[in-house]
Amino acid sequence: MELTYDWKAFQNAFHLDYKNKGTLNAVPAPIYFVAEDGIIQEFFCENEDFSEWLGRTCDEVSAHFKNREIIVFDRNEVDQWMKDSIPQNHYHAQMNYLKEQALPSVVTPSPFLPGSKRSKKSRHELVHQLSKTHFLLEALHSWWNRILPSSFGIWIRILDQDQYQDLLVVIRRGQVQSYMKPSLLGLGPGKEHHFDQIAQYLSERHALPVQGLVVNRDQWEDWSMQTDPWKWVAQALRAGTLGLHPFRWGVATLIANKAYLGF
Amino acid sequence: MMGENSNHFPIQCVFHYWETPVQELSDRLDALSQEGVHSLSTFIPWQVFESDLSQRLTKFLQATALRNIQVQLLPMPELGLHYPYSGFPRDLISNPEVYAKNYQGHETLVSLPPNVFALPSLFSEAFSKRFYNYQNKFFMYLGDLEKNQPEYLDHVEIQWTGSLWKYYRAPRSHHRKLFSGFAGDRSRAASIVYRKTMDRIFQDPEFSDGNRTQANQWKTQSFETVNRQWFYQLSEERFRNKGMDHFRRLAPALPHRSIELYIPEADPVSNHSNFLQMVSGSFGDVKRISTLLNEYISRATSVDESHCPPFVYFPELGGFQKLKINEKQFLLMKALLLFGGRGGGVFIDVDQWIQFSQGFRKKVESLGNQLAQRKLRLKNRAIYLTTHTWSPTGILWDELEKKIGKGLRLTSSFDLLEQDQETSLCVIDPSLILTRERLEKLLNWMRCGRALVLSQSALMTADAKKLLDQKLNQVDPEMTAFIEGDLPYHVHGVEDGTLIQFSLPQVMELQGELLVAWRGFVNQVLNLSGLKEHWKIADARIEVIPMSRAEGSKGLSLFVLNPSERQITADLFFDKKVEVLDFQSWMNGQRPSINEEDRLLECTLDIPPKGILPLGTYGIDWVFERKVEKALKENQGREKEKASLFEPLPGYQPELNFEKNRQTGVE
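Chains A and B, in that order, give the protein sequences. Count along the first sequence from 1, add 6, and you get the number used in the numbering used here. Count along the second sequence from 1, add 1134, and you get the number used in the numbering used here.
Calculated from the structure, these hints are not laboratory results. Possibly wrong hints are sitting among the right ones.
Said to hold, decoys possible - List of simulated lysine to aspartate or glutamate pairs, DMTMM-like, C-alpha gap at most 25 Å:
| # | chain 1 | residue 1 | chain 2 | residue 2 |
| --- | --- | --- | --- | --- |
| 1 | B | K1456 | A | D65 |
| 2 | A | K187 | B | E1533 |
| 3 | A | K14 | B | D1225 |
| 4 | B | K1458 | A | E106 |
| 5 | B | K1666 | B | D1705 |
| 6 | B | K1458 | A | E210 |
| 7 | B | K1421 | B | E1574 |
| 8 | A | K72 | B | E1699 |
| 9 | B | K1536 | A | E52 |
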């Protein structure tokens, strides 16, 4: 059974930034709180425990952590955002919606923290952190969608020694419409490494143009953890370690533009 | 022991059969067999079963039967499944009319991928109709398979889980305790059933005594919270029993058992944490999951008079998957000790399991074997009896929990209490309504030197009050004591047990002197019931899980856990001199002859970050509790003799069970 929204496969391909987790950073990580009427209800901070602050006021927190970046969300707002995210079809869209809603609270210090100011630099970092998207998804959401077809599929094959992982992402009007591990059973035996044929098969099966990308896991993970890996992507394409199936000059040009012209 | 004699292996690998194409199933199962996986658990997502045109489930069962792989099927709706809306039919779950509501009138949301969605109400008519229809189809499917291809089911067991009931909680005050928010579904559908059910319950002569005014007293606003809790408990029990009865009729030969399944990251209490992890760009909060494990394990549930072993599931969809390897290992081992020690265990996705190193898997399997054979177990020391398992508890629970730790269990099941053979203390929540039959059970439990703690203003029917007065009148005045103070209480020596009756203070503000008074009272109760703290650890970050060996063996193992990111050096103090040795020697029953001066009153431990240090000890002995256990066994022997005298009597029928009458009352 092909799952229309295969979150496991999607996050294995696009949410790899957690692999940086635990790396020591000179700057302490920001502390995230959810508060209700100025009382701390929930917290999260990478590698740190703030349980003892639960139930205390935001004023106490800001007085104590003068040199830390503190982001506070209002509980009622968070609950409402979550509820409003329900009609979105899939988790990726729900996540984007929640991040969009959360952005103003990150940009502007919470009214629960009177007097706290956020420097331009830290604001930029926090916003960057929140709006960070996988480089490929970011490109697909950019001006690319004006020149790419209104509906198309990206088939990504990530090679891992003698194994591989497939993901087909369907994009409609610049938005991720569905994501799945494609079934290649109709392709016939022995053709699982005939990449052009696979792309063609998927294109016929899903009735939309499909662009295949074949890449090694190490390379893919390496790129996924960077904000702007396009230069490496372009180099890999030239060196043949990234395969475009079928090879389309238009797609290669888009990659080259990103890599060398920056857009 | 609360019916926790389970011989199931405590690690269960979860395989999502719908994710593997039928053509690849054989290869996949062969590969798993090669990895040493010979038992698989699989959820049956409702929507997957209903739209299974290509008979994937049958093919999966066929393939596993061919390979002698044990299969546990979990057909109840659960959260954390890798299927949209956790397998609930989309059209149903998108209908706001079926949503459950919390006491504030808000939906209860689940934020674990693959979707954020609102929980449906199990009381909703539209939902129930569809659900029972699905359940019926599933049972008939099993019945047909049993008849036509019985070999497919040779290695199959059905595991009934508790479904959504435990998740109906409002998030209020969750920052303090997992179960501190008001529990229950307040949707319109639930309220209608609630009114009908309570009307029926209070028609019982014990509540009304033929007098309508008396019956109405139980329905006043002041009883609303208690009645609601009772109603939710009865509804949950009925829901579970109804499914089981139905199943037994349609697939009678298939082995089955009930378990309680907890999924920390799908729990609504994790919603805000999940949100913060998402906006911060991080995933996985080991501390939070670790805390939730402690809270879950304190609850005990039952179905059909049997204990439901507790299990925890770490799905691949949440933050668990993204934790560091040592964090995952720590959580897995901790869960294994806590849940496996109580006859349950851990569900883990098979892909996740085989990612662990061979060495770690072997270690887990070895511990799992000891737990499955009940060579190691987490002993219950005291029971807290309450109306509803998932509702908040008060100061008495909090203070007892601080003192007794993981040896304290909360339940609303009188069946479990009756089966209990090892605890020496039972505390009754002041909100529990006591009928004559319930009180009889409690007084019966109190034999053999056990202590029962009851509020003087406990909610009792007139019959129950009469019974208690009778019992207290029979008590020798010399066996009664009154202790004055901010929290005055009576101690009565009833037969060979101890009844402690305390007066609830008028003011419930838990600060200053009153808080001290509660603490003092709890200390006195523990002294009276022989429950002592035998060890103390100087560092609050450290957790200790005490595990007993099989019955009859002496000694106690202490698993010392360091959940932090740093190595901790901590002192462990004992109340008397003990022998401390390494865990393996202790498990093997070795007891090196140690001079008195080599015994320790304290020892210093270096516990690595996210590490678990197992120790074996001799000398820490729950002497009083052992005495109670021994006395209970002797008493049980006498009762068996008595029962065998009654058995041949024609027409002998056990008394009608009040609880069962209640259950049938919930329509």
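Comparing the hints with the structure gives:
Among the hinted pairs, B:K1456 with A:D65 is inconsistent with the structure: their alpha-carbon atoms are about 33 Å apart, more than 25 Å. A hinted pair counts as satisfied when its Cα atoms are at most 25 Å apart, and A:K187 with B:E1533 does not qualify at roughly 51 Å. Note on A:K14 and B:D1225: the hinted pairing holds, with a Cα-Cα distance of about 23 Å set against a maximum of 25 Å. Of the pairs offered as hints, the one joining B:K1458 and A:E106 is violated, with about 28 Å between alpha carbons and a cut-off of 25 Å exceeded.
With a C-alpha separation of about 19 Å, the suggested pairing of B:K1666 with B:D1705 holds against the 25 Å cut-off. The suggested pairing of B:K1458 with A:E210 is violated, with an alpha-carbon distance near 41 Å, which exceeds 25 Å. At roughly 43 Å between alpha-carbon atoms, B:K1421 and B:E1574 are farther apart than 25 Å, so this suggested pair is violated. Simply put, A:K72 and B:E1699 have alpha-carbon atoms about 24 Å apart, close enough for the 25 Å limit, and the pair holds.
Distance hint between B:K1536 and A:E52 is unfulfilled; the C-alpha atoms sit about 28 Å from each other, more than 25 Å.
The structure shown violates the earlier hints numbered 1, 2, 4, 6, 7 and 9.
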